[in-house]
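There are 2 protein chains.
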Amino acid sequence: MRDVAIIGVGLTKFGELWDVSFRQMMIEAGARALEDAKIDGKQIDAMYVGNMSAGQFIRQEHISSLIADHAGLVPIPSTRVEGACASGGLALRQAVIAVASGIHDFVVAAGIEKMTDILSGQATGALATAADQEWEVFVGATFPALYALMARRHMYEFGTTEEQMAMVAVKNHQNACLNPCAQYHTKITVDSVLKSPPVTLPLKLLDCSPITDGAACVILAPAEKARKFTDTPILVAGTGQASDSISLHSRASLTSLRAAREAAKMAYKASGIEPKDVDLAEVHDCFTIAEIIAIEDLGFCKKGEGGKVTQEGETAIGGRIPVNTSGGLKGKGHPVGATGIAQAAEIVQQLRGEAGKRQVKGAEIGLTHNVGGSGGTAVVHIFRRGD
Amino acid sequence: MRDVAIIGVGLTKFGELWDVSFRQMMIEAGARALEDAKIDGKQIDAMYVGNMSAGQFIRQEHISSLIADHAGLVPIPSTRVEGACASGGLALRQAVIAVASGIHDFVVAAGIEKMTDILSGQATGALATAADQEWEVFVGATFPALYALMARRHMYEFGTTEEQMAMVAVKNHQNACLNPCAQYHTKITVDSVLKSPPVTLPLKLLDCSPITDGAACVILAPAEKARKFTDTPILVAGTGQASDSISLHSRASLTSLRAAREAAKMAYKASGIEPKDVDLAEVHDCFTIAEIIAIEDLGFCKKGEGGKVTQEGETAIGGRIPVNTSGGLKGKGHPVGATGIAQAAEIVQQLRGEAGKRQVKGAEIGLTHNVGGSGGTAVVHIFRRGD
Chain V
0 MRDVAIIGVG LTKFGELWDV SFRQMMIEAG ARALEDAKID GKQIDAMYVG NMSAGQFIRQ
60 EHISSLIADH AGLVPIPSTR VEGACASGGL ALRQAVIAVA SGIHDFVVAA GIEKMTDILS
120 GQATGALATA ADQEWEVFVG ATFPALYALM ARRHMYEFGT TEEQMAMVAV KNHQNACLNP
180 CAQYHTKITV DSVLKSPPVT LPLKLLDCSP ITDGAACVIL APAEKARKFT DTPILVAGTG
240 QASDSISLHS RASLTSLRAA REAAKMAYKA SGIEPKDVDL AEVHDCFTIA EIIAIEDLGF
300 CKKGEGGKVT QEGETAIGGR IPVNTSGGLK GKGHPVGATG IAQAAEIVQQ LRGEAGKRQV
360 KGAEIGLTHN VGGSGGTAVV HIFRRGD
Chain A
0 MRDVAIIGVG LTKFGELWDV SFRQMMIEAG ARALEDAKID GKQIDAMYVG NMSAGQFIRQ
60 EHISSLIADH AGLVPIPSTR VEGACASGGL ALRQAVIAVA SGIHDFVVAA GIEKMTDILS
120 GQATGALATA ADQEWEVFVG ATFPALYALM ARRHMYEFGT TEEQMAMVAV KNHQNACLNP
180 CAQYHTKITV DSVLKSPPVT LPLKLLDCSP ITDGAACVIL APAEKARKFT DTPILVAGTG
240 QASDSISLHS RASLTSLRAA REAAKMAYKA SGIEPKDVDL AEVHDCFTIA EIIAIEDLGF
300 CKKGEGGKVT QEGETAIGGR IPVNTSGGLK GKGHPVGATG IAQAAEIVQQ LRGEAGKRQV
360 KGAEIGLTHN VGGSGGTAVV HIFRRGD
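These protein sequence lines are chains V and A, in that order. For the first sequence, numbering that gives the first Met the number 0 begins at 0 and goes up steadily by one. For the second sequence, numbering that gives the first Met the number 0 begins at 0 and goes up steadily by one.
Be aware that one or more of the hints could be misleading.
Given that identical chains are not distinguished, each listed pair holds provided it fits within a single copy or across any two copies.
[As the list claims (entries may be wrong)] Derived pair list, reagent style DSS-like, types lysine-lysine, alpha-carbon separation capped at 25 Å:
| no. | residue 1 | residue 2 |
| --- | --- | --- |
| 1 | Lys41 | Lys268 |
| 2 | Lys356 | Lys268 |
| 3 | Lys194 | Lys227 |
| 4 | Lys307 | Lys37 |
| 5 | Lys37 | Lys301 |
| 6 | Lys186 | Lys301 |
| 7 | Lys302 | Lys275 |
| 8 | Lys275 | Lys307 |
| 9 | Lys12 | Lys194 |
| 10 | Lys302 | Lys264 |
| 11 | Lys356 | Lys224 |
| 12 | Lys41 | Lys264 |
| 13 | Lys264 | Lys186 |
| 14 | Lys264 | Lys227 |
Simulated from the structure, these hints should not be mistaken for laboratory data.
The task is simple: from the sequences and hints, build the whole structure.
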């Protein structure tokens, strides 16, 4: 197996993009990634696209062909992969496997979701199809409800507070203000989070990531060829993926995601990197409680102390382990299929030293943590600067 | 890269399965494949599932987690791949890459679609999302309409007749009568095809594959470990995948699928096998004209002679190159995400000599041809008996 590097990244602006279509968004992110890598489209050998549900959001399946077509990449193999909100991470992992195995050299890993072309109530319904249709959705559960159960249990077991959860949102909005691509450039306060409208208590509106349009793209190459394109190739040091029961009621614990722990274990083992070596991480904060659980599952703090370390500023830029410097799903926005790729793009920009005002000084090793549904799928990648 | 073998196959009955749910179907096919391979579920390292649109058909995305969960395979990596009706073929190809690369040893490639849980008019609408939503579906095109355009052009360019197309359906229904899993066990005649209700002329009802529920599963292993499980491992000799424009109007030709030709070229090259070496093939006869185009694209006859060789019986069991011995999409049924895997299962059964009354004598090499949409995606696999 060959070492794999990322040689280019590209993103659209994240937000409510009323004047841009699905296909335009993907072309925009893709063109930026090609430019960034200084590679010609003709050199691309294959493409993997993460997308949760264009079928429901814009009545378009078969987007792998649509995108290859509109990007002028026909007849390369183009494959859509889906694992709910982890679709982007899955696309990246398949692309890494394709390059590592030697089947392809230059591979695009992309992610996209156009979520605002249906009524917002319908968006929540479409997203709920990532949960168990027979055992959760049928009886009325939506994603805020499922994560609210996790939050309640985390509060009960570990004394995590609503204020600590709010601090995740405050930090991530603050980081988003430093990210030109982010959906929100609005600072918020703990007080405004606590007073925001209830969604499913204890989760309020500002505990929840938004409905977002966006696309993201990274370009992978064999490490030995990466320096022809860039002086700062970023190596994919490890990749991990795992599954868990799709529904909450089958799990041993509500306060930890087994799939995330297993995926992290796999990625740590593959890379020889330990949690203490990681300089920064992009984690799946679809709800504020999810970031708290994520940093525990990834080994950045002890179980139950995710709220406490957030409160103490350890996950802020300048803290011990900066988390979601991009603004995360909460501040940057969460176009579900694009999120896993956007996370990788942020880590690449950070490890290159190109993250502008949100730069983590001297960052050498970064991690992404991408979750599908309430934890039925998780993908973890670890990246490091090429030597 | 390691050689890869199929060590087990399993299918559900194909048809209108009113009393079986999506998850039950998948478990049934999977359990049969495990039994067939005499492998324990605990040994399975990863899973790829092809599915076109559970989101639209049963309002359930994230089926990768659902299936791993209900199959008791948690926490293995489980990934859904989608390329419209080529989803199954894509799942198989990803599984082959995973085993060939050495990342995993024992990998499940599965495919499933539950299509009858919505009104049949809605099924046609859901299937249409595999075409270009903006340039084809919006103006009223459905898949019968798109393939009718191809049929008209094939008739115009090569003199192909409606009778010749009907003969594809007659042959495939005849084969389906010999396949216990098939949806239809009904012989039809050229006359009954010609007199069946018009769908989009020149295509009549009996030129079209049906709406079907079904699931299929194959289990892959490194070739060097395959003999521990079976005396007749079937090797994956070559795999090919390609894309084309999603919409018909962008193509140079309506009478040939570029993606299929490119995918076939890739698979032939990888395997060192030529069209004349192939003993039998399962091809994507979503409409009768599609089989005629397929056998031309695959090099089994000269361009334009697909109708003629069908008429002459060359593609029948006992003919020069038996095509769709399973009954094909027309007779066996077409649960879209399952089709690519079911094709592989048929070839495995034939190459093992276990195809019962539809057995092609002395079959050593078989091919599968799986198409997404009107040809935006194609996947070709070539299989041969292990030495």
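To see whether the hints hold, each was checked on the structure:
no.: 1; hint: Lys41 - Lys268; result: between (35 Å within a copy, 21 Å between copies)
no.: 2; hint: Lys356 - Lys268; result: neither (32 Å within a copy, 51 Å between copies)
no.: 3; hint: Lys194 - Lys227; result: neither (53 Å within a copy, 64 Å between copies)
no.: 4; hint: Lys307 - Lys37; result: neither (44 Å within a copy, 50 Å between copies)
no.: 5; hint: Lys37 - Lys301; result: neither (43 Å within a copy, 43 Å between copies)
no.: 6; hint: Lys186 - Lys301; result: neither (29 Å within a copy, 67 Å between copies)
no.: 7; hint: Lys302 - Lys275; result: within (15 Å within a copy, 63 Å between copies)
no.: 8; hint: Lys275 - Lys307; result: within (18 Å within a copy, 69 Å between copies)
no.: 9; hint: Lys12 - Lys194; result: neither (29 Å within a copy, 56 Å between copies)
no.: 10; hint: Lys302 - Lys264; result: within (16 Å within a copy, 54 Å between copies)
no.: 11; hint: Lys356 - Lys224; result: neither (31 Å within a copy, 54 Å between copies)
no.: 12; hint: Lys41 - Lys264; result: between (37 Å within a copy, 19 Å between copies)
no.: 13; hint: Lys264 - Lys186; result: neither (35 Å within a copy, 56 Å between copies)
no.: 14; hint: Lys264 - Lys227; result: neither (33 Å within a copy, 30 Å between copies)
Checked against the numbered hints above, the structure violates hints 2, 3, 4, 5, 6, 9, 11, 13, 14; every other hint is satisfied.
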